[in-house]
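There are 2 protein chains.
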Amino acid sequence: MSEIVTAAMVVIGDEILSGRTKDRNIGHLADIMTAIGIDLKEVRIVPDEEDEIVAAINAVRARYTYVFTSGGIGPTHDDITADCIAKAFGVGIDIQPEARRRLEAHYEAGMLNAARLRMARIPDGASLIDNPVSAAPGFRLGNVMVMAGVPAIFQAMVGSVAPDLVGGDRLLSRTVIALIPEGAIAEQLGKLQQDYPDLDMGSYPAFRGGKASCAIVLRGTDKARLDAAAEAMHGIFRGMGGEPFENEIV
Amino acid sequence: MSEIVTAAMVVIGDEILSGRTKDRNIGHLADIMTAIGIDLKEVRIVPDEEDEIVAAINAVRARYTYVFTSGGIGPTHDDITADCIAKAFGVGIDIQPEARRRLEAHYEAGMLNAARLRMARIPDGASLIDNPVSAAPGFRLGNVMVMAGVPAIFQAMVGSVAPDLVGGDRLLSRTVIALIPEGAIAEQLGKLQQDYPDLDMGSYPAFRGGKASCAIVLRGTDKARLDAAAEAMHGIFRGMGGEPFENEIV
Chain A
372 MSEIVTAAMV
382 VIGDEILSGR
392 TKDRNIGHLA
402 DIMTAIGIDL
412 KEVRIVPDEE
422 DEIVAAINAV
432 RARYTYVFTS
442 GGIGPTHDDI
452 TADCIAKAFG
462 VGIDIQPEAR
472 RRLEAHYEAG
482 MLNAARLRMA
492 RIPDGASLID
502 NPVSAAPGFR
512 LGNVMVMAGV
522 PAIFQAMVGS
532 VAPDLVGGDR
542 LLSRTVIALI
552 PEGAIAEQLG
562 KLQQDYPDLD
572 MGSYPAFRGG
582 KASCAIVLRG
592 TDKARLDAAA
602 EAMHGIFRGM
612 GGEPFENEIV
Chain P
372 MSEIVTAAMV
382 VIGDEILSGR
392 TKDRNIGHLA
402 DIMTAIGIDL
412 KEVRIVPDEE
422 DEIVAAINAV
432 RARYTYVFTS
442 GGIGPTHDDI
452 TADCIAKAFG
462 VGIDIQPEAR
472 RRLEAHYEAG
482 MLNAARLRMA
492 RIPDGASLID
502 NPVSAAPGFR
512 LGNVMVMAGV
522 PAIFQAMVGS
532 VAPDLVGGDR
542 LLSRTVIALI
552 PEGAIAEQLG
562 KLQQDYPDLD
572 MGSYPAFRGG
582 KASCAIVLRG
592 TDKARLDAAA
602 EAMHGIFRGM
612 GGEPFENEIV
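Order-wise, the sequence lines are chains A and P.
Mapping of the first sequence onto our numbering: position 72 corresponds to residue 443, and the numbering continues sequentially without gaps.
Mapping of the second sequence onto our numbering: position 145 corresponds to residue 516, and the numbering continues sequentially without gaps.
Please keep in mind that the hints were generated in silico from the structure rather than gathered at the bench.
Among the hints, erroneous ones may be present.
Copies of the same chain are indistinguishable here, so a pair counts whether it falls within one copy or spans any two.
Pairs of lysine to any residue residues, derived as SDA-like cross-links and limited to a Cα-Cα distance of at most 20 Å, are as follows [stated by the list, open to error]: (1) Lys393 with Gln526; (2) Lys562 with Phe578; (3) Lys562 with Pro576; (4) Lys393 with Asp410; (5) Lys582 with Glu479; (6) Lys393 with Ala523; (7) Lys393 with Pro522; (8) Lys458 with Leu550; (9) Lys562 with Met482; (10) Lys562 with Arg596; (11) Lys393 with Gly481; (12) Lys458 with Leu499; (13) Lys393 with Arg511; (14) Lys393 with Val425; (15) Lys582 with Pro522; (16) Lys582 with Asp571; (17) Lys393 with Gly561; (18) Lys458 with Asn514; (19) Lys393 with Ala586; (20) Lys582 with Glu617; (21) Lys582 with Asp598; (22) Lys562 with Leu483; (23) Lys582 with Ala523; (24) Lys393 with Asp501; (25) Lys582 with His477; (26) Lys562 with Glu475.
Using the sequences plus the hints, can you model the full thing?
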């Protein structure tokens, strides 16, 4: 791998931590990052509290190429993400004319009240991220992209920023699965990893149709090396009486 | 609230960060914590890398009453959680007799190979957490509970530790929902929050049947105050032409 591009995500919201809402944005962002060759290295879920949000943002924005946030940019009193980002960067925040224009275009006359206008408050120096669902924009400041928590809007916003992200070398992967418990092949897998230090090898146990099974995920940037290791993994499973395959059955 | 008991979760696993596996343990733990009156304050998802795991564990175990981890306690080379916990606490780690006995009882003769025996490596001073699904135990060291990543096993392990956890004052909640966009009631909600500083009020927008709606979640420990605020919230929604209800329709 010649270049590793990294990312972190900060999920902002008491509702995720209380269990009321089950997060669906982490998995979506993870899929997109993998597809464009960006290594998502860390996710933090924090409550709607200024100190926690500011600390999390500042911890990750210094470490990773990109940071993505979800949640807390709506019109209600508990939506404090934009202010926290401004505070984290030490910049001002105010109604931004273009953001205001988008809200004015979206709402019928008289509906853009003071609370909704809060959604046009954008930290100084940030550029807007389009929201094709409900107009109120996200924004990008430095390497931090601030997006909505509602999954349909989050996904739309990820879609609008993705083309501008610079990915690293694309990771290739092969997944070899068998109805063999991972403990039965763990030792040979460890040796295979030693033979292929340039590849990432992960073992993911699961029950498939009630039977202990495992999926071995091999990842790397060199296709020939990857294919050779995947064939070796097929051999290891077969040696244990397994019938390895590469498509999920559950 | 007389006493606040807090918790954090550390999810360990490249497969969550790559998107290959969609986490189901965070939501489960969040539900259980809420049910027993423990305030889940932070979640971190970290890769299978020693430095990252040790740093995350040490950051959260100092701050919160309880810490729960998921993932990385299986038999393969990428399962390094137990060693990381030992390192974080500065204690030794070795095959623990009772853990070994459980594995011996679970596997048929000859099947407890060296890789599987790794699952009996437990940090010095830790107590075991039962695994009724596949025997290999989790463990508790200090305030950190280390559990499996496979959801069925994670849930079983949470079930076995839950009775020993001491919760704080039980939070009561009422959720008032209407097919009214949150921007329409944001200002009045902000005033309601000012009138009830002892309650937590969160607004969660969503599309219900294609219509903009929001759920206002009110939380607190005083039932009379909670009920009064919930009634006021019904009034706010009705004032906007909404027909508020308290059961989810989607």
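Checked hints:
1. Lys393 with Gln526: both (16 Å within a copy, 16 Å between copies)
2. Lys562 with Phe578: neither (25 Å within a copy, 51 Å between copies)
3. Lys562 with Pro576: The answer is within: 18 Å in one copy meets 20 Å, while 51 Å across copies does not.
4. Lys393 with Asp410: This pair counts as between: shortest inter-copy Cα distance 16 Å, intra-copy 23 Å.
5. Lys582 with Glu479: between (57 Å within a copy, 16 Å between copies)
6. Lys393 with Ala523: Both. Shortest intra-copy (14 Å) and inter-copy (17 Å) distances satisfy the 20 Å Cα cut-off.
7. Lys393 with Pro522: both (11 Å within a copy, 15 Å between copies)
8. Lys458 with Leu550: Answer is neither: 52 Å inside a copy and 34 Å across each miss the 20 Å cutoff.
9. Lys562 with Met482: Result: close only across copies, 19 Å inter versus 65 Å intra.
10. Lys562 with Arg596: within (15 Å within a copy, 63 Å between copies)
11. Lys393 with Gly481: Classified as neither; 35 Å inside a copy, 43 Å across copies.
12. Lys458 with Leu499: This pair counts as within: shortest intra-copy Cα distance 18 Å, inter-copy 44 Å.
13. Lys393 with Arg511: neither (25 Å within a copy, 26 Å between copies)
14. Lys393 with Val425: neither (23 Å within a copy, 27 Å between copies)
15. Lys582 with Pro522: So Lys582 and Pro522 pass the 20 Å test across copies only (15 Å; inside, 34 Å).
16. Lys582 with Asp571: Close neither inside one copy (26 Å) nor across copies (45 Å); limit 20 Å.
17. Lys393 with Gly561: The answer is neither: 35 Å in one copy and 25 Å across copies each exceed 20 Å.
18. Lys458 with Asn514: Cα proximity of Lys458 and Asn514: one copy only (15 Å, versus 33 Å across).
19. Lys393 with Ala586: Between. Shortest inter-copy distance 15 Å satisfies the 20 Å Cα cut-off; intra-copy 26 Å does not.
20. Lys582 with Glu617: within (17 Å within a copy, 41 Å between copies)
21. Lys582 with Asp598: Answer is neither; intra-copy 27 Å and inter-copy 49 Å both fail.
22. Lys562 with Leu483: between (63 Å within a copy, 18 Å between copies)
23. Lys582 with Ala523: between (36 Å within a copy, 13 Å between copies)
24. Lys393 with Asp501: neither (25 Å within a copy, 27 Å between copies)
25. Lys582 with His477: Answer is between: at 15 Å across copies they meet the 20 Å cutoff, but 53 Å inside does not.
26. Lys562 with Glu475: neither (62 Å within a copy, 24 Å between copies)
In terms of the numbered hints stated before, the structure departs from hints 2, 8, 11, 13, 14, 16, 17, 21, 24 and 26, listed from lowest to highest.
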